[in-house]
Each structure stands twice: as C-alpha cells, then as structure tokens.
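Given next are the chains, with one letter for each unit.
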Amino acid sequence: MTAEIALILGVDGIATGAIYVLVALGIVLIFSVTRVVFVPFGDLAAFTALTLAALQSGQLPGTVWLVAVVAGLTLLAEAARLVRSGRARKIPSFAAVYFVLPMIPVLLCIALAQTDMPMAIEVILAVLLVLPLGPLLNRLAFRPIADAPVLVLLIVAVALHFALAGLGLIFFGPEGFRTEPLSDAIYEIGGTVVSAQAMLVVLASVVFMGLLYLFFEFTHTGKALRATAVNRVGARLMGIRPTVTGDVAFLLASLLAGVAGVLIGPITSIYYDSGFLFGLKAFVGAIIGGLVSYPITALGALFVGLLESYASFWNSAFKEVVIFSFLIPVLLWRSISAASHEEEEEEE
Amino acid sequence: MTALLEVNDLHVGYGKVEAVRGVSMSIQPGQIVTVIGPNGAGKTTMLSALMGLLPSRGTIRYEGQDLQRLDVEERVQRKLCLVPEKRELFGEMSVADNLLLGAYSRRYKSSDFQERLAAVYEQFPRLAERRRQQANTLSGGERQMLALGRALMSQPRLLLLDEPSLGLAPLIVREIFQIIASLRKAGVSILLVEQNARAALETADYGYVLETGEIAHHGPAQELLQDPRLMTAYLGGAA
Numbered sequence: 001m002t003a004e005i006a007l008i009l010g011v012d013g014i015a016t017g018a019i020y021v022l023v024a025l026g027i028v029l030i031f032s033v034t035r036v037v038f039v040p041f042g043d044l045a046a047f048t049a050l051t052l053a054a055l056q057s058g059q060l061p062g063t064v065w066l067v068a069v070v071a072g073l074t075l076l077a078e079a080a081r082l083v084r085s086g087r088a089r090k091i092p093s094f095a096a097v098y099f100v101l102p103m104i105p106v107l108l109c110i111a112l113a114q115t116d117m118p119m120a121i122e123v124i125l126a127v128l129l130v131l132p133l134g135p136l137l138n139r140l141a142f143r144p145i146a147d148a149p150v151l152v153l154l155i156v157a158v159a160l161h162f163a164l165a166g167l168g169l170i171f172f173g174p175e176g177f178r179t180e181p182l183s184d185a186i187y188e189i190g191g192t193v194v195s196a197q198a199m200l201v202v203l204a205s206v207v208f209m210g211l212l213y214l215f216f217e218f219t220h221t222g223k224a225l226r227a228t229a230v231n232r233v234g235a236r237l238m239g240i241r242p243t244v245t246g247d248v249a250f251l252l253a254s255l256l257a258g259v260a261g262v263l264i265g266p267i268t269s270i271y272y273d274s275g276f277l278f279g280l281k282a283f284v285g286a287i288i289g290g291l292v293s294y295p296i297t298a299l300g301a302l303f304v305g306l307l308e309s310y311a312s313f314w315n316s317a318f319k320e321v322v323i324f325s326f327l328i329p330v331l332l333w334r335s336i337s338a339a340s341h342e343e344e345e346e347e348e
Numbered sequence: 001m002t003a004l005l006e007v008n009d010l011h012v013g014y015g016k017v018e019a020v021r022g023v024s025m026s027i028q029p030g031q032i033v034t035v036i037g038p039n040g041a042g043k044t045t046m047l048s049a050l051m052g053l054l055p056s057r058g059t060i061r062y063e064g065q066d067l068q069r070l071d072v073e074e075r076v077q078r079k080l081c082l083v084p085e086k087r088e089l090f091g092e093m094s095v096a097d098n099l100l101l102g103a104y105s106r107r108y109k110s111s112d113f114q115e116r117l118a119a120v121y122e123q124f125p126r127l128a129e130r131r132r133q134q135a136n137t138l139s140g141g142e143r144q145m146l147a148l149g150r151a152l153m154s155q156p157r158l159l160l161l162d163e164p165s166l167g168l169a170p171l172i173v174r175e176i177f178q179i180i181a182s183l184r185k186a187g188v189s190i191l192l193v194e195q196n197a198r199a200a201l202e203t204a205d206y207g208y209v210l211e212t213g214e215i216a217h218h219g220p221a222q223e224l225l226q227d228p229r230l231m232t233a234y235l236g237g238a239a
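Here the protein sequences come in this chain order: R and L. Just so it is clear: in the first sequence, position 304 is 304 by the working numbering, and no numbers are missing. Just so it is clear: in the second sequence, position 143 is 143 by the working numbering, and no numbers are missing.
Only true hints are included.
The list that follows gives simulated cross-link-like pairs (lysine to any residue, SDA-like), each with its CA atoms no further than 25 Å apart: (1) L:Lys-86 / R:Ala-338; (2) L:Lys-79 / R:Val-244; (3) L:Lys-109 / R:Leu-214.
Some chain L residues judged to face chain R by a derived CB distance under 7 Å, without partners named: (4) Val-72; (5) Glu-73; (6) Val-76; (7) Leu-82; (8) Phe-90; (9) Glu-92; (10) Asp-97; (11) Tyr-104; (12) Ser-105.
In short, the hints are calculated from the structure, not lab data. Even for Gly, the Cβ is constructed at its ideal location relative to N, Cα and C.
Sequences and hints are given; from them, build the entire structure.
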C-alpha cells in the first residue's frame with residue numbers, strides 16, 4: 001500500500017465513519033433514555049435512502065404506506081389502551097400528535113411525488129417522512145413493555161427489525177437503489193482528491209453532533225432526557241414522563257437516521273434490508289462507547305469506518321469479519337474495566 | 001378545616017405479601033406528621049404508594065381529590081413531592097442542573113425561577129458553593145441537602161421525606177431537622193418517615209407508629225415522646 005492509496009482509503013473511511021457516527025449516536029441516545037437497543041435503527045436510515053431514490057425517479061415512495069400503516073396501528077393500539085384505562089377523553093389529543101402529524105408529510109408526498117422538485121425539497125421530504133417512524137414504533141412496540149428487562153426489549157427490537165425488513169420488501173421491492181450525489185464537485189486537498197460529497201458527509205455529522213451537544217447542554221428538554229437516562233425514578237419524581245422523553249429520544253434519533261440515510265444513499269446501493277448490517281456496524285461503535293458515552297461512541301464509529309475502508313482494500317470479502325472480530329478485544333477491555341468499576345462502587 | 005391528605009384503609013402488597021395493611025392517617029395543612037417504626041415496618045412502601053410508584057388499595061384523598069386515579073407525574077403536578085430514601089439524584093449532572101430539573105413540573109417564568117433558585121441557595125449555602133460540581137461528588141449530607149433543595153424548587157404543598165437522616169453524621173442530622181422545622185414556617189406540610197424516632201417526634205406535631213404494616217399507636221408528638229412504652233421500644237430508654 002502506497003501512502004497515496006492510504007490517504008484515499010483514509011478519506012473514504014472518514015466519510016463512511018462519519019455516517020456511522022450519526023447512526024451510533026442515535027443508538028446510544030435511544031438506549032440511554034429508554035434502555036432499548038433499537039436494532040431497526042439502520043432500517044430507518046435505509047428507508048430514508050430508498051424514499052429519496054423513489055422521489056428522485058418521480059415515483060411515490062413505499063414509505064408513504066409504511067408510515068400510514070404504522071401510524072394507524074399505533075392509533076388503534078393506544079386508543080384501546082386509553083379506553084381500557086378509562087381515559088378515552090385523551091384519544092383526540094393523542095390522535096392529533098401521533099396520527100394527524102405523521103400523515104402531513106405522507107399527504108404532501110402523495111401530492112408532490114410525481115412532480116419535479118428541487119433536490120433540497122426531495123431530501124427534506126424524505127427525512128420528514130421517516131421522522132415519525134421512530135416515535136410511532138416506540139409507542140407501538142416499546143411503550144406497553146417499558147418496564148420490562150433490557151433483554152425483553154432487545155428481543156422485541158429484533159422482532160421489529162424483521163417486521164420492518166418484511167414491510168420494506170413489500171413497499172420498496174427487492175431491487176437496490178442509489179441516490180444522486182448531493183454534489184458532483186471534486187477538490188484536491190493535500191495531494192489527494194476529496195469529493196464534495198465526502199466533505200458534506202463529514203460536515204453534516206459534525207453539525208449534528210454540535211446540535212446534539214447544544215440540545216443536551218442548554219435546553220430543558222435536553223436536560224430532562226439526560227435526567228431520564230441517569231435516573232428514571234428520580235426523573236419521574238420531578239414530573240418528567242419517561243414516555244415523553246422516550247418519544248423525544250426516538251424523534252431525534254429518527255432525524256439522525258434520516259440524515260444518515262440521505263448521506264449514504266449516493267455512496268452505496270441500498271436494498272430494503274441494507275439497514276441491518278449498517279446499523280450493526282454503527283452498533284460496534286456504540287459498544288466502544290459502552291452505550292453511554294457520546295464522544296467515545298463518535299470516535300468508535302469513526303474508527304469502524306476507517307477499519308472497514310482499510311479492510312476492504314486488504315481483502316474485501318473479509319471486511320465484515322474484520323469489523324465484527326474487532327468487537328472481541330473491545331468487549332474484553334469493556335468487561336475488565338467494568339469489573340474494576342464495580343469493585344470501586346462496592347467499596348463506597 | 002379539611003385535611004390536606006386523608007388516607008383510609010391503605011393496603012400495599014408485593015405479590016401475596018402485604019407490606020402495608022389497612023393504614024389510615026391524615027395530615028392537616030401546615031402540619032409536620034411523622035411515621036416512625038422499626039426497619040421493615042412498611043414505611044417506605046407506604047410512601048411509595050402515596051406517590052403512586054406502587055399500586056395500592058384503599059382511598060388516598062389529597063386536597064379533597066382522589067389520588068388513586070392519578071399517576072406519579074400527575075401527583076407531582078399537584079405539588080406532592082417525595083424525597084426518597086435513596087435520594088435519587090441525577091448523579092452525573094451538576095448541582096445547578098439537578099435544581100433546574102426540580103422545577104421541571106412548574107414551568108416557571110425565568111424571573112420566578114431565579115427567585116426560587118436564590119431562595120434554595122439561601123437555605124442551603126453549601127449548594128450555591130458547589131453549583132457546578134457533579135451531584136455524585138457531593139458528601140452524604142450535601143446530597144441530602146441537594147435532594148431537599150431539588151424538591152423545594154417545585155414549591156411543594158406536601159413534602160414526603162423518607163429517612164432524611166439516614167447515614168448522616170449527628171451534626172448534619174441536627175442541621176437537617178432544623179431545616180425541616182423551618183420549612184413548616186414557609187407553609188410546607190411534611191410527612192416525615194424516620195427511624196430516628198426521638199428527633200422526628202421532637203420536630204413533628206403528630207406521630208404514627210407503624211409496626212409490621214399496621215398503625216400500632218398514634219397521637220400528638222409530645223404525648224408519644226412521653227409514652228413510657230414507646231420510650232423503651234423505639235427511643236432507647238428514658239431520656
């Protein structure tokens with residue numbers, strides 16, 4: 001490997017890693033607030049890319065029906081729950097937020113899909129369409145079992161992934177799609193070529209990391225989310241509803257998944273089930289951060305991107321093997337450092 | 001005068017075991033009422049049920065309203081506030097953030113919030129000094145002060161305190177009880193659960209003795225303090 005190739009692979013790895021960063025941050029965000037390892041997270045990113053591809057080719061994306069189905073099911077389930085607990089009067093306000101609101105981008109999409117739109121509008125529409133899926137799935141699948149052990153939540157998340165992948169096959173079909181690049185420009189920096197697309201990816205992930213930081217550090221809602229993550233009982237005693245913070249966490253994470261989907265669309269062909277592997281790689285990054293630390297997670301995800309890039313040069317058939325084998329030393333190190341932490345706490 | 005809190009025939013159980021069996025009590029506005037009793041008598045369980053953290057049978061009326069229909073967050077909204085035995089602070093967040101979240105249910109205007117915060121810092125100067133420090137770096141006494149301060153940020157009408165003196169040095173215990181007594185002057189009613197029976201009864205207006213989930217005795221705090229039977233059982237002999 002020459003230095004030039006190493007540099008190209010490095011740029012490529014950073015760009016992919018930056019996308020993994022967004023997905024990994026979303027996974028950590030959801031886990032810390034709701035204790036759900038949200039396996040279908042990558043699916044949301046893949047669905048955004050597929051939605052954008054459909055919009056760019058002037059077709060109505062299957063996401064429209066997916067969102068409608070999920071919103072309908074959520075409304076039915078929640079209405080039944082409200083009636084059973086004698087709170088039927090709350091159904092209209094629930095329906096307004098969890099059915100009418102998600103249906104707005106759906107209707108917009110149905111009205112605009114066949115028309116010729118500027119790319120920016122298509123991107124926004126694709127993200128808006130996927131945005132409600134996170135909170136809706138939270139209400140539908142996780143809310144009724146919110147106090148269940150982490151393992152049960154994980155099993156439900158895995159089941160949810162398979163259900164979503166199945167629905168994805170129905171609504172998007174088996175073909176793979178690639179979206180148009182957000183920019184074709186290419187620059188030469190420090191002796192290597194860098195595409196504007198790659199720079200945009202890195203820029204977007206830096207911007208969203210910054211926004212997340214500002215949100216958690218300076219807003220009441222952000223602090224309430226952190227409080228829920230740190231101490232659920234304590235948060236409830238302050239009147240912070242874990243169901244509400246959970247929905248906000250899922251909403252933010254959906255936004256991250258949507259942006260990640262928009263960014264990865266032009267880089268690789270996306271199929272209805274591409275999200276799983278995508279999410280799993282980001283999950284490796286999240287594990288490096290112990291599912292709690294945002295900065296370490298970001299570094300971990302970036303490292304996974306670089307590792308993938310170099311591994312695919314070395315032997316592309318084994319790149320996944322290399323990435324997932326990397327989990328073994330990470331988990332060993334994690335369990336050793338966790339054990340020493342526990343000892344410290346016992347001494348207290 | 002209607003009672004602030006009126007509990008009637010409260011039963012709380014874990015599965016088949018009933019930890020609280022038929023407890024009735026009432027708290028008048030502005031009163032400090034204490035519940036004393038040995039370990040495992042069901043004191044914490046009772047508070048958890050009053051707050052809605054545990055399901056229970058029986059009636060709980062608060063300001064004349066049936067509390068059983070409301071969940072934890074709705075009870076907080078109605079200015080009922082629990083400071084639990086474990087404090088339940090936000091350990092990885094700063095003292096200032098803990099206090100900010102204490103006011104979460106109130107949606108104060110910024111000026112009202114600042115006023116409230118200044119009042120809490122005035123009551124607990126130690127918290128003001130440590131406002132930027134993470135809650136889990138505080139000492140035991142400071143943690144208890146933060147837990148109390150965080151609760152006071154919401155301007156509670158009824159404060160439920162679970163063993164506020166637990167694990168604290170005697171000097172700090174005295175300070176905590178002084179603060180509790182001063183809260184009454186600020187118009188806060190308090191239900192104080194304590195193992196430290198003497199200090200609790202000396203601070204309170206009325207007392208209940210809880211034994212194996214049932215009320216064994218009750219009466220004005222001064223009378224309970226002079227009851228020779230209680231003296232030997234809970235107060236470590238005659239003073």
